[in-house]
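All chains, full assembly: derive it from the sequences and hints.
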Amino acid sequence: MHPGTGLQVRLRRAEPFALDVEFEAPAGAITALFGPSGSGKSTVLRAIAGLQSMDVARVACGGATWHDTATGLATPPHRRPVGFVFQDYALFPHLTVREQLALSLGHRPPAERPARIDSLLQLVHLEALGDRRPSALSGGQQQRAALARALARDPAVLLLDEPFAAVDWALRESLRQELVRLQRALSLTIVLVTHDFEDVAKLASHLVVLEDGIVTASGSVESLTGRNAVPGVSGLREPAVAFDARVEAHEAERQLTVIAAGDLRLEVPAIAAPVGAPVRMQLAAREVILASRRPEGLSLHNVVEAEVLAIEPAAHAALRLVHLRVGATRLLSLVTVDAARKLELAQGKPVLALVKAVAIEAFA
Amino acid sequence: MDWTALGLSLRLGLVTVGLLLPLSFVLARWLAFGRFRGRGLVEALVALPLILPPTVVGFYLLVAFGRGSPVGAAFEALFGQPLVFSFEGLVLASLLVNLPFAVQPMQNALAAIPQNVRDAARCCGLSPLQAVRSVELPLALPGIATAAVLTFAHTLGEFGVVLMVGGSIPGETRTISIAIYDRVQAFDEPAAGAMALVLLVIAVAALAVTNALARRAGRRD
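Keeping their order, the protein sequence lines are chains A and B. Position one of the first sequence corresponds to residue 19 (my numbering), numbered consecutively onward. Position one of the second sequence corresponds to residue 160 (my numbering), numbered consecutively onward.
Heads up, some of the hints might be wrong.
Partial selection, computed: residues in chain B whose CB lies under 8 Å from chain A [what the hints assert, rightly or not]:
hint, residue
1, Ala270
2, Pro273
3, Val276
4, Cys283
5, Gly284
6, Ser286
Since the hints were made in silico from the structure, they are not lab data. If you're wondering where the values come from, they're calculated on a predicted model, not measured in any experiment. For each residue, glycine too, the CB sits at the ideal point set by N, CA and C.
Right, dumping it as C-alpha cells:
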C-alpha cells in the first residue's frame, strides 16, 4: 500500500475532556475505532469530518491535508470528501431519498446526477423506495439510505458512527454483510466507530482501541486478537481470534466448506461464497481443545497441528490461555490448569488443536 | 368603514412582515445555534415588548424617535421629514414591538433541528449558506409561517404604540385599530362594528392558519 493514500489522524484537545489520538487508517480497508462509550470515539470521527474543533490537529487523506493547526489550514466540512453515516442516520426529514442523494451530488455535473442516483439506489437495494421520505422507511432502510447519501459524495473516506447500534440483532447481521460487500466492491476506505466487538471481529481488518481519549492499542485485527492483546476488552470479552481466510473448496455432498488462512485449513458448515472469496473467521479460545494424540471416533472435523507459543494466566484462576501458531496464523485455546499439566504444555511443544466445525464463525 | 385606514393597516402589516422576517431569521438562528455569553439577556430583550405595556413601549419609542434624539435627527437630516407621526416611524415601531412574535417561533423551529441533521448537511457538501437554504429553511418553515401570521395579525391590532408614536393622521398613521377608536368616540357604532368584524375575521383566520401549520409540523416528525 502506498503510505500516503490512507487516512492519517493526529488530534489533541484538553477540554471538555482530554483527547490525544494518533493513528492511520489504511486505504481500501475497514478500520475500527473501538472503545467503551465516553472514550472519545465519536469526537475523533467528527474531527476527521471537520465538525469538531481541536487544540492540535493534523488530518490528511490520500496525500491531501485537510487540517493542520501548525500551518493554520482547516478545510471546512463541506470541502472534505468524506461520507458520514451518523448513529441516528440524520436523514433530512423533508426530503425523499432521491432528493437527499441529489443534495450530495453537488460535485458532479447536473447531467450525470439522475443516473448516479439510480445506481446508488440500486447499490443499497432501495430502487423502489427512492420517492419516500425517511418517516416512511424502516430502520434498516433508513440506514441504507444514509449509507447511499454518504457514498453519493464519492468520499475518499467513509465515516460510520455506530452504524448498527439502532437496528435489532437479526437486521444487524445482514447490514454487516451488505457493508462488507460494498466495501469490497468499491474498495472503500472506512473508519467505523463501535463499542460492539462483533463489529470489529466481523468487519474490520484494522483496529484502533480508544480508552479515555487515548489510543491503547492499534494494529491489524488478526495480530491483536491472535495475541489476545486488545486492552480494555480482554477482561470483558472472551478471548477469541479473528482472521481473514479464503474459501478453498466446497464439499457439496458433505455440506462443508474448506477455508484456508496460510497453512491453517478448517472445515466449516457450508457457506454461500464462491471458491477464492474472502471470509472473516472468528474462533473463541474456549472452543479449541488441545490433544497430544490424534483422537478417534469423534464427530470432529478439524484436527490441526499447531505449536505452543506461550501460556498465560486467564481471567479464571483455574484456566490457562494457550497461544498457538499454525504457520503464520495464530489461535488461542482456553484449557484448565489440570489439562495443561497432563498434556505437559510448554513453549515450542507441538500439539493438536481440535475444533468443531460448528464452533467456527465464518462471515462471508 | 374607513377603507383608507384598512389599506394603511394592511400595508403596515405587509411591510413589517417583509422587513422583519429576514432580520428575525438571522437573530433567531443566532439565538438557536450560537454559543455565547449573555444569550439570556438578548432573549429577555427580544421578549420585552410582550410584557411591557404598549403605552410604555410607545413612550420610549416616541422619546427615541423624537426630533431631539439622534435617531430622529438623523432621519430628518436624511429624508427631510420627522420620524415621529409618519408612516416610516410607524414601521420602525412596528418592527420593534413585533420582534418577539417573529423571533420566538423561528428560534423554536430552528432549535428543534437536530445537530446531526445540520452536520449531515455540511457532510453532504453544502456550504453554510446552502445548508440554510436547503435544510434549515424548509425544516423551519412552519415556524417561519407562524412568525409571519402572528406578526401580521399583531400589527393590524396594535393600538397603544401606534397612538403614541404615530397619532392619528389619515392615510399616514391612522390604522384600522385607531379608526375604530375614533368611530366609537364619535358614536358611529355601525362603522366601528364593521371594522371590528374585519379584524375579528382576520384574527380567527390567522389562528386557524398557525394551528394548521403547527399540526403539519407535528405530523412530519
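### Query
Okay, which hints does this one fail, numbers in order?
Of the numbered hints, just 1 does not hold.
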